[in-house]
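Trainee: Chain by chain, the residues run as shown.
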Amino acid sequence: MLTKDQIAQRIAKEVKNGQYINLGIGIPTLVANYIPANLEVVLQSENGLLGIGPFPTEDQIDPDLINAGKQTVTMAKGSALFNSAESFGMIRGGHVHLTILGAMEVSENGDIANWKIPGKMVKGMGGAMDLVASADNIIVAMQHCSRSGESKLLSECSLPITGIRCVKKIVTDLAVLEIAKEGGFILLERAPGISVEEIKSKTAGKLIIDGEIPEMVFE
Amino acid sequence: MLTKDQIAQRIAKEVKNGQYINLGIGIPTLVANYIPANLEVVLQSENGLLGIGPFPTEDQIDPDLINAGKQTVTMAKGSALFNSAESFGMIRGGHVHLTILGAMEVSENGDIANWKIPGKMVKGMGGAMDLVASADNIIVAMQHCSRSGESKLLSECSLPITGIRCVKKIVTDLAVLEIAKEGGFILLERAPGISVEEIKSKTAGKLIIDGEIPEMVFE
Amino acid sequence: MIDKTVKNAFEAVADIPSNCMLMMGGFGLTGIPENCISAILEKDISGLTIVSNNAGVDDFGIGLLLKKRMVKKMISSYVGENAEFERQLLSGELEVDLIPQGTLAERVRAGGAGIPAFFTPAGVGTEVAEGKESREFDGKMYLLESWLKADFSIVKAWKGDTAGNLIFKGTARNFNPLMAAAGKICIAEVEELVEAGELNPNEIHTPGIYVQRIFQGSNYEKRIEQRTVSK
Amino acid sequence: MIDKTVKNAFEAVADIPSNCMLMMGGFGLTGIPENCISAILEKDISGLTIVSNNAGVDDFGIGLLLKKRMVKKMISSYVGENAEFERQLLSGELEVDLIPQGTLAERVRAGGAGIPAFFTPAGVGTEVAEGKESREFDGKMYLLESWLKADFSIVKAWKGDTAGNLIFKGTARNFNPLMAAAGKICIAEVEELVEAGELNPNEIHTPGIYVQRIFQGSNYEKRIEQRTVSK
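Chains as they are written, first to last, in my numbering: chain A, 1 to 219; chain B, 1 to 219; chain C, 1 to 231; chain D, 1 to 231.
The hints are simulated quantities; they were obtained by calculation from the structure and are not laboratory data. Given the structure is predicted, the values throughout are model-derived calculations rather than measurements. Everything hinted at is true.
Within a straight-line C-alpha distance of at most 20 Å, the following computed EDC-like cross-link-like pairs (lysine to aspartate or glutamate) qualify:
#1 D/Lys67 <-> D/Glu81
#2 C/Lys68 <-> C/Asp44
#3 D/Lys68 <-> D/Asp58
#4 C/Lys222 <-> A/Asp59
#5 A/Lys120 <-> C/Glu127
#6 B/Lys202 <-> B/Glu189
#7 B/Lys123 <-> D/Glu225
#8 D/Lys169 <-> D/Glu221
#9 D/Lys169 <-> B/Asp59
#10 A/Lys77 <-> D/Asp3
#11 B/Lys16 <-> C/Asp3
#12 A/Lys13 <-> A/Asp173
#13 A/Lys168 <-> A/Glu14
#14 B/Lys4 <-> B/Glu219
#15 D/Lys132 <-> C/Glu133
#16 A/Lys181 <-> A/Glu156
#17 D/Lys222 <-> B/Asp62
#18 A/Lys200 <-> A/Asp210
#19 B/Lys202 <-> B/Glu212
#20 C/Lys222 <-> A/Asp62
#21 C/Lys169 <-> D/Glu198
#22 A/Lys77 <-> A/Asp64
#23 C/Lys184 <-> B/Asp136
#24 A/Lys116 <-> C/Glu127
#25 D/Lys222 <-> B/Asp64
#26 C/Lys169 <-> A/Asp59
#27 B/Lys202 <-> B/Glu150
#28 D/Lys67 <-> D/Asp97
#29 A/Lys202 <-> A/Asp173
#30 A/Lys123 <-> C/Glu81
#31 B/Lys123 <-> D/Asp59
#32 D/Lys231 <-> B/Asp59
#33 C/Lys231 <-> A/Asp62
Just so you have them, the derived chain A footprint on chain C, three or more residues with Cβ under 8 Å:
#34 71-78
#35 83-91
#36 116-126
#37 173-185
#38 218-230
Built from N, CA and C at the ideal position, the CB exists for glycine as well.
Can you make the complete structure from the sequences, with help from the hints?
Mentor: And the structure:
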């Protein structure tokens, strides 16, 4: 099983040179640590910053400079600041190439649920609905199963959904999967030591297994 | 009969302290010269400037600073620059209090025609349709009659219209008139030496004359 | 230039009545109008509807207004960093209208720019779409969303001039410029107030036309929610 | 940061084909991409549809492209400062789509921001409304207008950096930032190109995300249409 950092590390391989990327809160934030140094990419923060830099040192901290997770950040070289309408114009207009975010459930047709659990206090969707409705490429980082062991890869989401037919790829602690155009989770890679059988047993939605499934390789 | 400058001078009396104002090309531009010095107003130029200053001296000329009539201008103290979407957002959102523009025809219900003459080369409406559809207060500056002597104040516009039910007041070389809510030109003032009879004979639309009509006073 | 200066926060918010609609700039605790919030706290009003991306924390920002039970309804994209908020919501004392953040930003922008409605893809197929008109453009579905306007919008800028021109700093800009334009009366508090003519017209984020009142604030706390540092 | 630099105008416009849709920034002759226009003039293409507020004058700006018969259609708010334009229009060689200036600006902004359609009051009751959906909001009528996008948008800025961030000057800003966002490929020519990191992030008008190619232009003529001076 992959650690959170390994999930982030695997997702970082999906990043292409020249991309503008929005990273959600949690595991997605960790992806930044694993993007190869030879790739030039720009991280967008939907609260109004293009070009997120590393976290600040104590003496660099600026309360007027935070990311969408409300963490203090710095600005990378060549960054730009803007208002929230411009920021979501970028997202909605398809200028952000890649969105990486967490999920509570993903369905086999690419629906995602990540904002609301009935009966629990609802905190709100923030920018998630805009992001999933807009980006061309959406990758989900999540655990394959819930703490109680139930699959989070379903034929249909049971929780209120955040967006429909939007997820392209999923990286879990067990596998890398792609959403098939006609529906279904195409198994692309296994986590080291995890069998196809185990993934099969932990995937409630339709799993598509075509040929030999390679193990992920970590450098 | 008023000169163009006198029409502008009379319109300037309609200006109130604290207003943001858009002045059209032609006579409206002259209004700026007659706004009393004790009034604080700001002139908006729809190509992206709030706070139009006087025309530049030769050594102040900047080709990157023009008004909507493409004339070189300067910036007043405290001005701001912005893009065209922001500029028309200001106009459409009702933030510009007063629009003064020229017209070829005005109808008794406040329709205005000022952009197109069938059979002649059409240059386009520029920002006029946005301005007349948006401003709360629209004052028209124009000659009462065409060169061939036909009234430009009609029961209905004969030319393609720029906007409907939008004109509030009209200042011509002969008179000041207000559009009545239920339709009709309410005669408010006569140009010096011009009789009510003459105005009546030169107004094709419904003219409303209520009591004694005062002559305009110029200081 | 028209002088928009008022003496202080108390004068700026003096005529805000009960049961009106307020917009407040800020994202998290960044760029919130701290001085005006303090001044409103001193007022005897309630029943406010507040449009703000977030609702502050228990003891800071809009959380203070919630604690004093001045708020009837929040229109936000993300709330619940505070326990009192949750208590009032669950007990039914407080209403909340949750809106996708981009839709919220665009609805406020539309309010300021005189656009009564527009189509956006956010929320298609979700409960956000319920009761809304949907339509397909170029093979993709969109929802019709309407403008948001307020009786008062309260914003916080870094620098401002007496003509109401504003410059924001860092990510404290966020919703502030949009809300400035969408309030019938916009109140701006700034860290540094200068004379008209001292700001570069090319660097202004909010042109003064949108701002009706401006004053120099003081004692900014600028509390940090997630103090995250590099080793 | 991603380096967007290309060598010059010729490289920047090299792959612009015949019969495509171009947006060009500028209002009158202010803020027009002079270098790219000159480079396009050298190309053997035609059938262009150009979105630009104006159409230049006979011997400058877009007028040059018209004279060489490269343009099939203009989408503008105000044209006809030039005689060749008029001749082509009356002879049927050139099509023109006239759009209210604010609607044009908002349609381009919508194209960049992913808003397929919005309601605006401009043109209600006029021939602009023909064939368009209209709807009443709060007692006032509005028309539904759709987004505008282009294969290439060509803009001119004052300063730019290698990451594509742009700063405009004076009223040369106009349509440029809107068009930058609405082109599949945005080409930016700038008077001064600096390294990423040299511009203040708080002063940038067009964030680099919208710009695919940037170069430092040269020999700007900046012709003045109405040289008006104070005595």
